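The primary structure of each chain is shown beneath.
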Amino acid sequence: MQALHISKRYNIQFGIYAFFCVVFMVLSIQFPGINAAFQSFVVSVSTPVLEAVKKPSEWADAVGESVTGHVSVYEENKMLRDELSDKQRLIRDLAIVENENNSLKKLLNMVKEVNGKPLASRVISDKKSAFSHTVITHIGHAKGVEKGQVVVDENGLVGRVIEVFDETARVLLITDYTSRIPVKILDLNVRGIVRGTNSYNLELVFTEDEDVKIEEGMVVVTTGIDGLFPANLPVGVIHNVGKFIYIKPDVDFTNLEFITIQRQKMSGVL
Amino acid sequence: MAMNQANRDYKPFLNFMVPMVLFVLVILGYVLGELLDGFVFKLWLLPVGVFYWALFVPTATPMLLALILALIEDGLSGTPFGLHGLAILVLHYMALAQRQSLIYSPFAMVITGFSINLAVVMSAMTGVMWLLDLPVNLWVIVSWAFTVFAFILLSMWFNALRHKFMKD
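Protein chains in written order, with the numbering used here: chain G, 1 to 270; chain C, 271 to 438.
Isolated chain C (complex conformation):
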């Protein structure tokens, strides 16, 4: 109920724009991954967008959209089909579950929430990869830190976009 109320505050164009932004994040993450080839860490941008938009505009960020984008990321990154999908699903679910608490909290709390959720998801992913005998990146903590930093930066841009598409 509260979710629907919050969504009614935004213009419908946001429903089109958010998927585009998330898709751009997938592509950008892939391109940055190529540019940063040789670095031990990876900048994972999709969870940044999924968590933010699922938190603030959930109707523009359906679970199926997040899953499809994550599966595309699986295809691009070469990981087993469904690994990123499951991780993003969990993150999306967590964002929706914690929405009532975080949406009216100070932004620092949002960052903290994202950091904790991302840590849980990345740890789980690393564990799954280890169980499946896949190459595990032990610099996952650095990747986590960079992704949290990217969340702080991108959130500023997302905030600007969100406020631009708010109804008067």
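Next up, chain G with everything else stripped away, as it sits in the complex:
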């Protein structure tokens, strides 16, 4: 194909170098230690040069990343603002939920915090009229029921025992007109007095701070300061704020079938 024009000197030179290459190759395969030592030498000698050569590419990478970062910073800032806004909204929601959760926890704890051994009783007589709101239970003194003991159901405060007989007891409901319960508005942590109205509503008749802004939906619980009712028993929810403030009881007094009497010792209380 192509004529070879090469001197004899180059042929000899090529032959010698090629021979040495073959010898090197055989030696490096037969004695891997020699090959490793040679490679180590070459790499260690070349390292400064290699690092110097790599510098521009590293700088280019850094500059590229910096430029890309600056270009995307506007979008990133916008995205972060949106994200921050979402997070702030979530934090507000969380505060609301947390508050609600705390309230609910307190409500749940109320039943547990009631002292005394609870005893469930069926309501055998439900005497509710325009003049009084009381019920009769089917357990009485024989089962350890005493005057003044607290009566609850699964929803909250029902009332207290006002008369005890051997096998029965009379419970004055909190809806009775003569009932007065020290309470606090959970959301405001303001104390007051709730009285019965002989209807299925309660009335908030007194608050220690008249300037507070009471709103519908606020939760009302017992304070426990009277020594009769345990603290934080759920009473009801404010549902009408006007000239009078009415509370809708948590307990469904229209269908009161089973109640629980907390049989704590009442000596020294009443």
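FYI, nobody ran anything at the bench for these hints, they're computed from the structure.
Everything numeric in this text was worked out from a predicted model, so none of it was measured.
Hints are not guaranteed to be accurate.
[As the list claims (entries may be wrong)] When the alpha-carbon atoms are kept at most 25 Å apart in a straight line, the in silico BS3-like pairs for lysine-lysine are as follows: (1) G:143 - G:117; (2) C:312 - G:54; (3) C:434 - G:55; (4) G:54 - G:78; (5) G:117 - G:147.
[As the list claims (entries may be wrong)] Listed next, with one range per pair, are the computed distances between beta-carbon atoms: (6) G:22 - C:429: 31 to 37 Å; (7) C:431 - G:79: 46 to 52 Å; (8) C:378 - G:61: 36 to 42 Å; (9) C:401 - G:68: 46 to 52 Å; (10) G:30 - C:430: 44 to 50 Å; (11) C:285 - G:61: 51 to 57 Å; (12) G:79 - C:285: 56 to 62 Å.
Virtual Cβ for every residue (Gly too), placed ideally from N, Cα, C.
Based on the hints, put chain C in the right spot on chain G.
Showing chain C alone in chain G's frame:
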């Protein structure tokens, strides 16, 4: 005789510059190999420079220089000591042997000559590696194609350098 005549057309600085360029190609090939880590092919730059400069300015590209650079490449690439050395030696020898035919040919012929010689050398290397039970890269054809492409690109730069250092 013709070789010496051709070399007299260039400034002596080229004798210093060509080894530097070849050394840069070795380092660049190694760095690119690291950057292309994960790719199946390898860009082999040293044969590009050795073939070109041995062809056009042989006095600036002695056989011993090509051998030393190839041995450095052996050390960097981890292949048996002498494998790249022998391959580059063969390529250098071929460049010198075909110089009279290629040097005054169109550039397409130079590229074709390089392609054929490189194919022979790379095939031989692959065969030797297979015989020595070393890992053989079956994508050697892709590596060959990329190296030929690199020859086309680098030759433009080498041409510019060469003409810059030609005597008036």
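Now the hints, each set against the structure:
1. G:143 - G:117: holds (11 Å)
2. C:312 - G:54: holds (18 Å)
3. C:434 - G:55: violated (28 Å)
4. G:54 - G:78: violated (36 Å)
5. G:117 - G:147: Within the cut-off at roughly 15 Å; holds.
6. G:22 - C:429: 31 to 37 Å: Since residue 22 of chain G and residue 429 of chain C have Cβ atoms about 35 Å apart, the given range 31 to 37 Å holds.
7. C:431 - G:79: 46 to 52 Å: holds (50 Å)
8. C:378 - G:61: 36 to 42 Å: Hint holds: Cβ distance 37 Å, inside 36 to 42 Å.
9. C:401 - G:68: 46 to 52 Å: holds (48 Å)
10. G:30 - C:430: 44 to 50 Å: With a Cβ separation near 46 Å, residue 30 of chain G and residue 430 of chain C satisfy 44 to 50 Å, so the hint holds.
11. C:285 - G:61: 51 to 57 Å: violated (36 Å)
12. G:79 - C:285: 56 to 62 Å: At roughly 59 Å between Cβ atoms, residue 285 of chain C and residue 79 of chain G fall inside 56 to 62 Å, so the hint holds.
Checked against the numbered hints above, the structure breaks hints 3, 4 and 11 and satisfies the rest.
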